[in-house]
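Go ahead and model the full structure; you've got the sequences and the hints to work with.
There are 2 protein chains.
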Amino acid sequence: MPLYARALAALESQGRFVVSSKELGEAVAVSDAQIRKDLAYFGRFGKQGRGYDVQKLLDELRRILGLNRQWRMTLVGTGRLGRAILGYEGFSPQGFRIVHAFDSDVGMIGKDVGGLTVHSTEDIEKLLSEDPVDIGIVAVPAETAQNVIDRLVKCGIRAILNYTPVTAHVPDDVQMKRIDPVLSLQGMTYHLKAASGA
Amino acid sequence: MPLYARALAALESQGRFVVSSKELGEAVAVSDAQIRKDLAYFGRFGKQGRGYDVQKLLDELRRILGLNRQWRMTLVGTGRLGRAILGYEGFSPQGFRIVHAFDSDVGMIGKDVGGLTVHSTEDIEKLLSEDPVDIGIVAVPAETAQNVIDRLVKCGIRAILNYTPVTAHVPDDVQMKRIDPVLSLQGMTYHLKAASGA
DNA sequence: CCTTGTGAAGTTCTTCACAGCA
DNA sequence: TGCTGTGAAGAACTTCACAAGG
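Sequence order for the protein chains is A and F. Numbering follows numbering that gives the first Met the number 0, with no gaps: position 37 of the first sequence is 36. Numbering follows numbering that gives the first Met the number 0, with no gaps: position 149 of the second sequence is 148.
Simulated from the structure, these hints should not be mistaken for laboratory data. Take these hints with a grain of salt, some might be off.
Since the list can't tell identical chains apart, any single copy or any two copies may satisfy a pair.
Okay, derived cross-link-like pairs now, DSSO-like style, lysine-lysine, Cα gap no bigger than 30 Å in a straight line [as the list claims (entries may be wrong)]:
1) Lys36 x Lys125
2) Lys36 x Lys192
3) Lys110 x Lys46
4) Lys153 x Lys192
5) Lys176 x Lys36
6) Lys176 x Lys192
7) Lys36 x Lys21
8) Lys125 x Lys192
9) Lys55 x Lys153
10) Lys110 x Lys176
11) Lys46 x Lys125
12) Lys46 x Lys176
13) Lys21 x Lys153
Structure (structure tokens):
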């Protein structure tokens, strides 16, 4: 569904006013029937014979998905990867803002990284209780990932973006998504191998 | 399946010799039945009453998934994100190596980034025909993504790791995986919103 | 005539549950 | 006894196809 919202935003900036399920489906590589089913789940947004009003549907989707507000995030781990995440310009235009950074390395604590002061991981609980966030981003070494995640969950965070290569365990009411390029690559090599006959 | 391989590697380094589908399932957050079904699809690797031999199963999985060899990759786009990808230390231990880097910015061409000389994107076809690779990594601005991907496909690349926020179109016999942290975040906000009642 | 919204049919994926073997 | 491999049952998801409305 966030994919639909993104495609609609692109259509809107192109000046399109109406779109059919077929066109939208082509843009996001999904069948037209699938588009209609997904949208119909949340309401009746379309007009028979015409399609969907781009602007109106985009507004609806943003509201439904919670994309019409700011989300505050905390980052744990300011190593090479963590600093790249802090420097990523793609978050804020979409309403995601990193508001603190933590690291366990004494050499990093107190430093300024991308406009944020790096705090000690020991202060996670203290800072998050003073200044709560919605989402936690974890970019620590694999060994400490589960521990950090447990602590974030205990602080009330219910969504985690996990950049570490570990399958961490969280309660059912906590969501976690993993960003793992190696896993993505490994998911493709099987088919590559099969196709090349190697 | 690559997840199973990773969990097995961890078990192996812990000195475990045997693992049951139940234990492996807990490690990767999958049901024991699912583990058995998945593994049985490729062969009969287990022993009733005991479980799976960690070492042997890991070898089999690596062979099946094509993880027992090196994969050569090309990177297009050496902006902030592309340079972070080049600097990522997680690829090579798993057998993935970036062997060239391209950029369209004249200011970048000829520069050395992470040990690689940056080539002009105009030379993609020439370099890839001299020195073919298995996988393409795309980290260019959204506007040029589809064009770059088309060219990589034309060069015979059949697997693409797409770091851009666009749904690009590729032939059926070409695989593409997308790394898009914002999309992952947007996939969680719906449930966050629902839970908080906002 | 065009396109939605939606039951029905079809397909794929997941769990159940147990025979069979170490 | 313990755990695999696997048919059968069940659940979830996808496509089909069409009535109804602009």
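Each hint tested on the structure:
1. Lys36 x Lys125: neither (45 Å within a copy, 46 Å between copies)
2. Lys36 x Lys192: Between copies only: 22 Å across chains, 36 Å inside a chain, cut-off 30 Å.
3. Lys110 x Lys46: neither (55 Å within a copy, 54 Å between copies)
4. Lys153 x Lys192: Between. Shortest inter-copy distance 19 Å satisfies the 30 Å Cα cut-off; intra-copy 43 Å does not.
5. Lys176 x Lys36: Both: 25 Å inside a copy, 24 Å across copies.
6. Lys176 x Lys192: both (28 Å within a copy, 16 Å between copies)
7. Lys36 x Lys21: within (12 Å within a copy, 36 Å between copies)
8. Lys125 x Lys192: between (50 Å within a copy, 25 Å between copies)
9. Lys55 x Lys153: neither (39 Å within a copy, 39 Å between copies)
10. Lys110 x Lys176: within (28 Å within a copy, 35 Å between copies)
11. Lys46 x Lys125: neither (52 Å within a copy, 50 Å between copies)
12. Lys46 x Lys176: neither (35 Å within a copy, 34 Å between copies)
13. Lys21 x Lys153: Only across copies: Lys21 and Lys153 sit 27 Å apart there, 45 Å inside one copy, limit 30 Å.
The earlier numbered hints that this structure contradicts are 1, 3, 9, 11 and 12.
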